[in-house]
Amino acid sequence: MYVKEQIDSILSQLAVDDELLISDDASTDDTVQIIADIQDSRIRFLGSQHFGSPVLNFERVLREARGQYIFLADQDDVWAPNKVVRMLEELQSADLVVSDCTFIDGAGKVIGESYFKAYKSGEGVLKNFVKNTYLGNCIAFRQSVLFKSLPFPPSLYKASKFALYHDVWIGMVANIWFRVRFIPDKLSAYRRHSANASPTEMNAKSPNSFIKKIKSRYLLATGLVGRLLRFS
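For the sequence shown, the residue numbers in my numbering are 1 to 232.
These are calculated hints, taken from the structure and not from any lab test.
Warning: the hint list may mix true and false statements.
Calculated lysine-lysine pairs in the DSSO-like style (CA-CA distance at most 27 Å, straight line) [what the hints assert, rightly or not]: (1) K131 - K117; (2) K117 - K213; (3) K127 - K186; (4) K161 - K120; (5) K212 - K109; (6) K109 - K213; (7) K4 - K186; (8) K109 - K148; (9) K117 - K127; (10) K212 - K131; (11) K161 - K131; (12) K148 - K4; (13) K215 - K158; (14) K4 - K120; (15) K109 - K127; (16) K120 - K131; (17) K215 - K148; (18) K158 - K148; (19) K127 - K215; (20) K212 - K161; (21) K186 - K215; (22) K158 - K186; (23) K212 - K186; (24) K213 - K161; (25) K212 - K158; (26) K148 - K161; (27) K215 - K131; (28) K4 - K131; (29) K127 - K4; (30) K131 - K186; (31) K213 - K120; (32) K158 - K109; (33) K186 - K120; (34) K215 - K109; (35) K131 - K213.
Label-pair distances were calculated between CB atoms; the ranges are [unchecked claim]: (36) D37 - K117: 35 to 45 Å; (37) V125 - Q92: 15 to 25 Å; (38) E5 - R86: 14 to 24 Å.
Cβ atoms here follow ideal geometry from the backbone N, Cα and C, with glycine treated the same way.
Kindly produce the complete structure, drawing on both the sequences and the hints.
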């Protein structure tokens with residue numbers, strides 16, 4: 001429903017030799033046709049198949065990423081016109097950069113001024129292990145970060161059932177091995193509605209939320225220990 005607006009906001013600031021990788025998780029609307037109609041050589045559409053998990057779908061795309069710098073994008077967010085320029089500036093002296101963003105509703109109305117303020121975002125392994133503040137559509141990183149992040153560990157697939165996704169995994173890997181920087185610039189609008197996969201679901205209060213959080217952190221820790229052993 002929002003994919004055309006998002007793609008336009010991305011393509012408008014890409015160079016001629018950049019590419020936009022898109023993978024469709026068996027959508028039932030007109031997403032695939034919208035992508036085909038855009039007719040831009042910078043788009044590389046990887047096709048549509050059923051993954052049933054944002055983690056699996058993002059891993060598929062990331063395995064195909066060939067650029068020195070990689071930006072994550074969800075299906076609903078809109079990029080600010082200066083996003084690529086600002087993030088690339090920061091990536092000259094950092095390996096992973098996280099920007100702030102606003103929240104918008106389905107109609108594009110601003111319903112929250114700052115993700116950083118709402119979730120007290122900031123770098124730190126322990127901080128983000130306890131409460132993730134990495135948001136996928138706000139992240140850009142170097143190819144070196146991707147090398148250590150892939151393949152995603154099997155424990156991450158299990159953790160995704162508890163709303164712990166690829167963004168926290170990549171962020172944690174970067175925090176352990178690389179230079180991470182959070183910048184206050186609001187470089188995207190994050191659309192919140194009932195249909196999108198939310199990395200903040202675990203923050204909702206419910207009788208089972210604490211147990212789910214413990215399970216998800218155990219699975220995350222399992223994956224990180226395995227990756228530490230692999231690169232030790």
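Verification of the hints:
| no. | hint | in the structure |
| --- | --- | --- |
| 1 | K131 - K117 | 14 Å, holds |
| 2 | K117 - K213 | 22 Å, holds |
| 3 | K127 - K186 | 22 Å, holds |
| 4 | K161 - K120 | 24 Å, holds |
| 5 | K212 - K109 | 32 Å, violated |
| 6 | K109 - K213 | 31 Å, violated |
| 7 | K4 - K186 | 21 Å, holds |
| 8 | K109 - K148 | 38 Å, violated |
| 9 | K117 - K127 | 15 Å, holds |
| 10 | K212 - K131 | 13 Å, holds |
| 11 | K161 - K131 | 16 Å, holds |
| 12 | K148 - K4 | 32 Å, violated |
| 13 | K215 - K158 | 9 Å, holds |
| 14 | K4 - K120 | 31 Å, violated |
| 15 | K109 - K127 | 31 Å, violated |
| 16 | K120 - K131 | 9 Å, holds |
| 17 | K215 - K148 | 24 Å, holds |
| 18 | K158 - K148 | 20 Å, holds |
| 19 | K127 - K215 | 17 Å, holds |
| 20 | K212 - K161 | 9 Å, holds |
| 21 | K186 - K215 | 32 Å, violated |
| 22 | K158 - K186 | 31 Å, violated |
| 23 | K212 - K186 | 31 Å, violated |
| 24 | K213 - K161 | 11 Å, holds |
| 25 | K212 - K158 | 11 Å, holds |
| 26 | K148 - K161 | 23 Å, holds |
| 27 | K215 - K131 | 13 Å, holds |
| 28 | K4 - K131 | 32 Å, violated |
| 29 | K127 - K4 | 36 Å, violated |
| 30 | K131 - K186 | 21 Å, holds |
| 31 | K213 - K120 | 18 Å, holds |
| 32 | K158 - K109 | 34 Å, violated |
| 33 | K186 - K120 | 15 Å, holds |
| 34 | K215 - K109 | 35 Å, violated |
| 35 | K131 - K213 | 9 Å, holds |
| 36 | D37 - K117: 35 to 45 Å | 38 Å, holds |
| 37 | V125 - Q92: 15 to 25 Å | 24 Å, holds |
| 38 | E5 - R86: 14 to 24 Å | 20 Å, holds |
Figure legend: structure checked against the earlier numbered hints; hints not met, in rising order: 5, 6, 8, 12, 14, 15, 21, 22, 23, 28, 29, 32 and 34.
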